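Visitor: Dock chain to chain to rebuild the complex, using the hints, since each chain is given by itself in its own frame.
Protein sequences, first through last, are from chains C and G. The first sequence maps to residues 5 to 538 in this note's numbering. The second sequence maps to residues 3 to 108 in this note's numbering.
Worth double-checking, as some hints may not be accurate.
Label-pair ranges, simulated between beta-carbon atoms [unchecked claim]:
# : chain 1 : residue 1 : chain 2 : residue 2 : range
1 : C       : E427      : G       : S101      : 45 to 53 angstroms
2 : C       : R277      : G       : W83       : 55 to 63 angstroms
3 : C       : T267      : G       : F108      : 48 to 56 angstroms
4 : G       : W25       : C       : N481      : 54 to 62 angstroms
5 : C       : E387      : G       : L33       : 30 to 38 angstroms
6 : G       : W83       : C       : E387      : 29 to 37 angstroms
7 : G       : L67       : C       : I303      : 17 to 25 angstroms
To be clear about the criterion: a stretch of chain G counts as covered by chain C if any three or more of its residues have a C-beta under 8 angstroms from a C-beta of chain C, and this derived list gives those stretches [stated by the list, open to error]:
# : region
8 : 58–66
9 : 72–78
Partial list, derived from the structure: chain G residues whose beta carbon lies under 10 angstroms from chain C [said to hold, decoys possible]:
#  : residue
10 : P23
11 : A31
12 : V52
13 : Y69
14 : S96
15 : R104
Note that these hints are calculated values from the structure, not bench results. Since we're looking at a predicted model, the values are computed, not measured. Glycine is no exception: its CB is placed at the ideal position from the N, C-alpha and C atoms.
These are the residues of each chain, in order.
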Amino acid sequence: MDTLRQSMSWMHTWTGLLFGWVLYFMFVTGSSGYYDSEIDAWMQPELSSAITIEAPAEALETALERAAEDTPGAINHRVFLPYTRSFSPYIRVFSTGVDGDGKRVFTELALLEDGSAAPEPRDTAGGQRLYRLHWTFHYIPRALGEMLAGLAAVFMFAAIISGIITHKKIFTDFFTLRLAKGQRSWLDSHNIVSVMTLPFQIMITFSGILLVVTTFFIPIFVAQYGYSEDTIKTVEAEMFGGAALVEPVGEPAELVDMNTLLTVFDAELPGERLGFVEVRNPGDVTATVRVYGIVGDGIIRAAPYVAFAGATGEVLSVSPRAVSDTSGVMDVLEGLHEGLFAGPVLRVLYFVSGLMGAGMIATGLVLWTKKRRQKLRGDAVAERNLVLIERLNVGVVAGLVIAIGAYFYANRLLPLGMADRAEWELHTLFLVWLACIIHALVRAPSRAWIEQLAGAAGVFASLPVLNALTTSLHLGNTLPLPGRAGDMAVAGVDLWFLVIAAGFAYAAKVAAQKQAAPKRARRPRAEAPPAPAE
Amino acid sequence: MAKAMAQRPKGKTKSKAGKTPPWGRLAVATLLGYIASVAASSALTSLLPVSRAESTFMSLLIVGLVYPALFIWVFARRAWWQGLRDLAVLSAGSCMVLSVTRWGLF
Chain C
5 MDTLRQSMSW MHTWTGLLFG WVLYFMFVTG SSGYYDSEID AWMQPELSSA
55 ITIEAPAEAL ETALERAAED TPGAINHRVF LPYTRSFSPY IRVFSTGVDG
105 DGKRVFTELA LLEDGSAAPE PRDTAGGQRL YRLHWTFHYI PRALGEMLAG
155 LAAVFMFAAI ISGIITHKKI FTDFFTLRLA KGQRSWLDSH NIVSVMTLPF
205 QIMITFSGIL LVVTTFFIPI FVAQYGYSED TIKTVEAEMF GGAALVEPVG
255 EPAELVDMNT LLTVFDAELP GERLGFVEVR NPGDVTATVR VYGIVGDGII
305 RAAPYVAFAG ATGEVLSVSP RAVSDTSGVM DVLEGLHEGL FAGPVLRVLY
355 FVSGLMGAGM IATGLVLWTK KRRQKLRGDA VAERNLVLIE RLNVGVVAGL
405 VIAIGAYFYA NRLLPLGMAD RAEWELHTLF LVWLACIIHA LVRAPSRAWI
455 EQLAGAAGVF ASLPVLNALT TSLHLGNTLP LPGRAGDMAV AGVDLWFLVI
505 AAGFAYAAKV AAQKQAAPKR ARRPRAEAPP APAE
Chain G
3 MAKAMAQRPK GKTKSKAGKT PPWGRLAVAT LLGYIASVAA SSALTSLLPV
53 SRAESTFMSL LIVGLVYPAL FIWVFARRAW WQGLRDLAVL SAGSCMVLSV
103 TRWGLF
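The following block holds chain G by itself, in its conformation from the complex (with noise of 0.2 angstroms):
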């Protein structure tokens, strides 16, 4: 068996990505994903010095930017859960600044 292995062919190694439709990490991605984008894109942009309305523009902007690299980010970690939790404390901690800055709840 040890030989078996020894035999297998440099450079490949046994990898689950590719062989299965990523049902889990797509559905994260896109929803939770969407969620977060949009919070953490109001949120950061809320903390600059510049008007409601500008911060918006900006917001708009870099949202088209910050939900396909969050869907990166969901397929780069090792289980589809990590990407959750991920996301799921983006979206939470973005939704305590925008509280503060936006909704005055605070």
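Same shape as in the complex, but just chain C (with noise of 0.2 angstroms):
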């Protein structure tokens, strides 16, 4: 009879394998997401750092205005402040318009305080479409990347709790590693990496599953609300407070002035910054305007508003951060995967933590080929199989490093005029990875990892030699020192670089020693005991 911790193990080995090539890439680019802000920095280098908006309320009203020229008959107009870490330095107006056929128009303008149009900067994927390849995947329609990335995630829960289940020593594998014992040098690797970054790992995964849930499990709604057409206009109204669109009525009607609505912000949600404004049928008198906080400005992710009637000033509503306990629970979940609360040191945390998922998800791959090469008892089918795994683990694993970086060079390479440049980055990135996994197919593994963990190494140590040829903010002008502020963000992605290069550096130097060193005789197997006569 199977024990309960043999059932588990098998579970947590195929679950894990079936879906581990794809938690790998979640998590090496859903990682780069807790320095997107910088990321974004370092890839629009004719951009400044955030400027500060001396008179909001102003600010506001001259961006509205810009706003209502450049988009005349807008359903809404939403303004972004900047602000520490906020995706854009300058203020950013969203519009939603409507074409002669009925269709919708978004319209994107960049300002300065004055409503002087800002510098325009490379086009880029930068940091944030970086990391929401974590769950868009860039090539597939995004509700599916939604499920995938749900059902990864799933099947990444249930292989973590049967992992611990597995565990007789969970306590003691934290404290053990033994080097250059080929499998189970892996296998103390693997069991390290997980152990160590345990409690993490667990929150990301719940709480990246929480993040698409409404997508994921969308059945929910249907068993709770029951299915009919009205049905998704019922749970908007019910669950997300969504204020019904009312249709403008075409009387014009100008807005309050934006200091009475501040003010009022200011005394309904003490405390709270603020992020932006959406303001819903601009110009008529059935206008609202919604002032938000910040998302990331407390560990519940949510922007509280205060919302008004355009043309009077009244409150109509006021949602703080966590609306209810079960949505404020399902926030903090998310807030914690996101981090967009963390502080420098935190962050620091978050991001070498989510290397280390990846890095268990690498090792646990590499440990189940080195496990199936044991038992092939020579099955040729078995073993071509095996080879293959073993190959497209070199690609995937090593060549997806190779491939982030071909990213950052493509953001400084391509010609800055290029049409669709930001979709040729991605492209860049994608390319790059294909080769790297066709370069694996072709060589032998162990070279193969020799030679794609140098080139990693190589392609991360040359990023800043890249910037500083191509840009003036490279490390000899944004390291902070003495009577310098310098540029922290963008030092410090190119500082990342080089661990990162030192870290795949040194891992081809082991892999290469392995591979230098003479293999040990294996010692006889003493001779067994002649089969007893019946």
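Guide: This is how it looks when you write it as structure tokens:
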């Protein structure tokens, strides 16, 4: 009879293996999200650090006037003010209009405080689209990407729980690392990175499921609300407090002045900083204004807001950060996942834990092939499949790192005026990854590991050099020194590149030493005693 | 033969687990586990004295735990069809509860 531990080991192996490559991709690209704003700054060297808004009310009114001129007849305008680690150093205005065919048209403005156009940076996918890859996967529809991410997270969660049950000595494993012992070393490495970051892995996986829960578990809404044409509207109204859209009546009206609204916002939501303002039906007597706080200001991942009647300034509703206890718990878990609230030290821990999660998956994938190789027993088909997986492991694990390095290279080397430049940065990532996988398929795995690990080290070590050759925002200028503020966001990215390069250089050195070391002669097995006569 | 059996190392038992890919269990856990986790989470929270919106939030919160838990349940059973039977019963029972509490069928 299978024991529970054996069954869980079986489950741990196969649930981990089935989604191993997808999860590795999700962990690596997702970890980059903890430095998304810093990567944005590195990839847009033309932009300055975030501007400071001296008079927010006047800046908002000026931005709304510009938006009204730019997009007459818009359904809504959203004006985002810059703040530390915001997605843009300037005021950003997003407007939704309707064209002659009734289709929605989206426009975007980047402004300075006086309403003049902000400097135009290079077109780049930046840190935002890099980290969003971990649930969008870029080449598939968004809903499908969320479904895939959700399923992978469920498999990961099941693998984590079964991994814990499988462990007999989880505390001992925390302190056990036997180097140069073949399969045993891989097992110890897998255990140590898993156990060290176990609370993080549980939190990030469960909260990851929650982040896509409304897409992945959409039948829950049908189970609770039944199925009808109005289900979605009812869910939005009851659960998310979405105010019903009011059609404009065509009677023009001015918005009340922003100073009044911001004063009420401060009074209704004390301690909240101003994040952005949304105006629906601008210029009409039915206009509403919502003044929002900043999502990342608290551990609860939600933007509190005060809604006003645009023409009169009457308060329509106040939505605090946590609407209810349950949604508050969900928002806290989602806040923990994204880590927007984290300061510099916690952010480093987030990033390192994320990379250790990727290491956990990578060592698990390698461990599986090592174990299988011992059990081959001359099965030619199994050996062929195993060799294929060994080679794909190299291309997926080491190749993805090279591909992300190439993504940064593309940012500096693609012509600035190139059409669809941001898209081509992402195409570069996937094309280089494909090239790495092909390289791994045609080389012996032991050689391919050395070459690709060394390649990853070389690519990341040369990125600060490339940065220095192509921009003035290099370490010589960005490192803070006495008497010079520098730009730690950009310097930090260059420094991380060097740390990553050092890590992969060490891994390549270890792999090369292992390749060069003479194989230890196996001790011949003791002769089996002759079978006793029946 | 008896002597040969006696010479087997202690602690080693005959086990099917781990030797073959568990396609049957994975299929049951993935597909029926999904249905059962959605139904069970919704049914459980529909019994609580809270608003429908709050109940739905609770379902969304716990379904991420229930689904992986059902994976473990399916793998902990001796045969894959036992997991199939359990999840079918759980799904059917949950739908009966929902038909009373939410769908107004009875």
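Visitor: Taking the CB of W83/G and the CB of E387/C, does the distance hold inside 29 to 37 angstroms?
Guide: 32 angstroms, holds
Visitor: Do W25/G and N481/C keep their Cβ atoms within the hinted range of 54 to 62 angstroms?
Guide: 58 angstroms, holds
Visitor: Does the Cβ-Cβ separation between E427/C and S101/G fall within 45 to 53 angstroms?
Guide: The hint (45 to 53 angstroms, Cβ to Cβ) holds, given that E427/C and S101/G are roughly 49 angstroms apart.
Visitor: Do three or more residues from the region 58–66 of chain G put their C-beta atoms closer than 8 angstroms to C-beta atoms of chain C?
Guide: holds (count 8)
Visitor: Classify the hint on A31/G as holds or violated, based on whether any CB of chain C lies nearer than 10 angstroms to its CB.
Guide: 8 angstroms, holds
Visitor: Once the shortest beta carbon distance from R104/G to chain C is found, is it less than 10 angstroms?
Guide: 6 angstroms, holds
Visitor: Should the hint that E387/C and L33/G are 30 to 38 angstroms apart at their CB atoms be regarded as holding?
Guide: 32 angstroms, holds
Visitor: Once the shortest beta carbon distance from V52/G to chain C is found, is it less than 10 angstroms?
Guide: 8 angstroms, holds
Visitor: Min Cβ distance, Y69/G to chain C: is it shorter than 10 angstroms?
Guide: 5 angstroms, holds
Visitor: Identify whether the interface hint at S96/G stands, where standing means a beta carbon of chain C within less than 10 angstroms of its own.
Guide: At 8 angstroms from the nearest chain C Cβ, S96/G passes the 10 angstroms test, so the hint holds.
Visitor: Indicate whether the distance between the beta carbons of R277/C and W83/G respects the range 55 to 63 angstroms.
Guide: 58 angstroms, holds
Visitor: Tell me whether the statement that chain C covers the region 72–78 of chain G is true, taking a Cβ distance below 8 angstroms and needing three residues at minimum.
Guide: holds (count 4)
In this structure, none of the earlier numbered hints is contradicted; all agree with it.
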